[in-house]
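Trainee: Going down the list, the protein sequences come from chains R and E.
With the working numbering as the guide, the letters of the first sequence map in order to residues 1 to 491.
With the working numbering as the guide, the letters of the second sequence map in order to residues 1 to 493.
Simulated from the structure, these hints should not be mistaken for laboratory data.
Careful, some of the hints might be misleading.
Claimed, not checked - Going by beta-carbon spacing under 10 Å, a handful of chain R positions derived as facing chain E:
hint, residue
1, Tyr204
2, Arg363
3, Ile396
4, Phe407
5, Lys440
To be verified - When the alpha-carbon atoms are kept at most 20 Å apart in a straight line, the in silico DMTMM-like pairs for lysine to aspartate or glutamate are as follows:
hint, chain 1, residue 1, chain 2, residue 2
6, R, Lys440, E, Glu112
7, R, Lys446, E, Glu160
8, R, Lys446, E, Asp298
Virtual Cβ for every residue (Gly too), placed ideally from N, Cα, C.
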Amino acid sequence: MDYSNFIYLKEELSLIAVIVILLLYDIFGSKKSLNYFQPVACLLVGVHLLLTCCPARAALAIFGDTPVADQVNAGVYPLLSGMYNLYPLGSIVKSILAIGTLIVFLQARNWLEGERTIIRRGEFYLITLFTLLGMYFMIAAGNFLLFYLGLELASIPMATLVAFDKFRDRSAEAGAKYILTAIFASGLSLYGISLIYGTTGTLYFTDIPAALTGSALQVMAFVFFFTGLAFKLSLVPFHQWTPDVYEGAPTSVTAYLSVISKGAAAFVLMVILGKVFGPLVEQWQAILFWVIIATITVANLFALRQQNMKRFFAYSSISQAGYIMLGVISGSTLGMASLVYYVLVYMFSNLAAFGVISIIEHRSGKETIDDYNGLYSTNPRLSVVMMIALFSLAGIPPFAGFFSKFFVFAAAVEEGYYWLVFIALLNTVISLYYYLRVVKSMFINKNESAIAGFRSDGYTRLGLVACSAGILLLGLLSVVYGEIHHYSLGW
Amino acid sequence: MNFLSLFVLVPVLMMGGLFLAKTLKQIRVVAATGASLLLALAVGLVFAYLGERAAGNTAEMLFTAKSLWYAPLHIYYSVGVDGISVAMLLLSAIIVFTGVFASWSMGFLEKEFFLWFCLLSTGVFGFFISIDLFTMFMYYEIALIPMYLLIGVWGSGRKEYAAMKLTLMLMAGSALLLLGILGIYFLSGESSMNLLELARAYIPAETQYWLFPLVFVGFGVLGALFPFHTWSPDGHASAPTAVSMLHAGVLMKLGGYGCFRVAIFLMPEAANELAWIFIILTGISVVYGAYSAIVQTDLKYINAYSSVSHCGLVLFAILMLNQTAMNGAILQMLSHGLMTALFFALIGMIYGRTHTRDIRELGGLMKVMPFLGVCYVIAGLASLGLPGLSGFVAEMKIFVGSFMHADTFHRVFTLVACTSIVITAVYILRVVGKILYGTVADEHHLTLSDANWYERTSTIVLILAIAGIGLAPLWLSDMIDGSLLPIIQNVKL
């Protein structure tokens, strides 16, 4: 076996190294030294992030393999006999996910240092990194087996995260709900994959398209496969678990679930739809068309009446997934770039919002929208962070959300989806209403007993500052989008 | 760096300064300095522009500059001005300047107020200097959102309802607009967002027929196009003084300017074919707004409806698609912007003293506060089109221009729109008579003081501008005429 290939797996290998170090630390570290678990975890993820961010070309040049570097830049470079795909955009997405995870880690401190969770804090970081590893495999997969392995690795540990606060009924219940739906969804996907294998005789992404004839069985296989991922993305009508799980799970986990897990699934869906199901493009575009309309509209209508912040953000994130899908349905280079960019921007916005929710929940135990009345008078900075996050989610300039929405709309319009974009645009107006509701409660409503002012700890603040900087700068500096677009491939 | 970008940079720097400001005094200094700087910039721009033209520079847009922003979608940050945008920039600078002085004593949360106010101005100035569809749209949206908080936090009356209604309606308009812009970009075959390049490209006629209504209505919502005007009375009535001024004075002009610069300039065929629908709608705006103003009892509502009527006239004139009427439309934008700002400033000052805007509870104010009273009369006279003040020049041109069309349809609607002059006179004189003359309605009002220095600054600047346009309209109208030519040529095909 040629071990030199493993050099190219720098993202996965470095993540595994981080996991192993943290695992040993968690087992053998003295009680006192474990107090530094969070900074160490953040630091290690940071180092891993540097390795991941390091462009493929530069990394390969270090190892003196420029021909491969050129090939990688030109497109997909298969490794391990086609099982694993090396492509620059994949590395970009992986680093986006790693950034998100790092921010979640920064924000998790308050919650994890609570008396019931403190003895298990190491597990949180470890399990989260395991799911991240699963997503890496999903992204890099060139074969349905590796893909499925990644999917399971990303789903099953997630259920333990959701149920992390097991002493709280809600959390345990959410864990049960999550594991049942996740397994059901994985099962459906697996069934779809087996049908694909049955009709095409291969599991390699590169070989399948040639064998796809568009027969009824293959369309059915696609539908099953799609359903599985749609559960993960919580697209309507597969979204029912989302509000309950988001509400029940610890807020840091909800943040991770709503952003990282969703972003990875969306990207993988686009890659597989293009790469594997290319010949069935008419069928899946027709399906996606209605799924997008249903997702955006239904989620928006439900979000209008929510009182609990986490349920509110659950519906908001369902509708955001609908917008992300606009990039998928276009299937173009522009669509892929817009999707990745949307995920990046959405990540910063949602993590900022969840960071605020998390810290307020921790300090005051309050989590309904009415509790936020008058927040600006007592906690002006948190209110401002929340506000720019909400404006970014609603797509208001100069915040990054405006640009990302514009690009996914442009991608869909380019392919002629005028009606779809029209409906999506009307929905942005509805969404603006409910995002403004929160802004209104923080800035306009008066409240005698507003949540008392407090100073949050350094890590949380660092996380919030990073998110705010992302929201403010990503749109105005076009270089990030330019870079993503440069490495995007239409299928 | 191109000096046009200063129009955006100055408000942004003001925001930075405000952020650092600690005391009320510092806040006021930053706001006043920034606003004065903007006004100086705008006046300087007028002279620079006229100088360039006199020197024989015949380019469509002057002082252009562009730099690539988002390459995949050919989005440039590109700026440039012609006579029309120069006029609009001057208007905006005057309103921002006077707005700052009109909100000299907000009473609470001054810092936040001015921060949002500066963001709003950033959007407004940015919109008028842009010649790239994307940046134009971006600035347009930047100008919309601060309204929500400005009205919601500092407003009065049913402020939360009004703020939400205004924001959602304008955002719905911008949603249509966004689709229109994307349609123009992808269907023109030009792969450009630049207005000038798009104007040279040919958008297929059948495409124009559905893009034109999208863009026109999208901007029209902001220009109070019937039946999408309903945000305007509530919004203006609830907004704090400076915001009403800026909103009615400048923001509604964004709508008119956009209709004109994007809808008509880029889609001339559809403009010719579909103008009749919108002429009917704007005709309704003009008359309906004026009639509604007659029956209102709240001073701000009266002015808000009068704005609907006057802004309707702007759109009405633009749709006439000839040079005289369009020139009138631009003049009307300026004139309405100035006088409506003056109105709202005065109403704010009166309200600040009497704590009521209900005309049934006011009376004899001329005796109590002669300065404000006289200013109110001047604003009223400008509004009903007295020669010598700005309103006359604009309306004259509009009606002459629209009567030039020889067909019955245009003439009937011109006559209908003309009746608004009479109705305007009715509601203006009714208000003036009721609140300024007669006996003092409330004993308590006798103790009130007249305008102080910052209020005087704000009103005098506005009155000077109104009288300036009324007495010497020629240079302005020439400046606008020169820039109208490319648009007219495009429309006439």
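Trainee: Could you run down the list of hints and mark each one as holding or not?
Mentor: Checked hints:
1. Tyr204: Since chain E brings no Cβ nearer than about 31 Å to Tyr204 of chain R, farther than 10 Å, the hint is violated.
2. Arg363: violated, 24 Å
3. Ile396: It holds, given that the least Cβ distance between Ile396 of chain R and chain E is near 5 Å, below 10 Å.
4. Phe407: Status holds, d = 7 Å.
5. Lys440: holds, 6 Å
6. R:Lys440 / E:Glu112: holds, 15 Å
7. R:Lys446 / E:Glu160: Holds, because 12 Å separates the two Cα atoms, which is no more than 20 Å.
8. R:Lys446 / E:Asp298: violated, 26 Å
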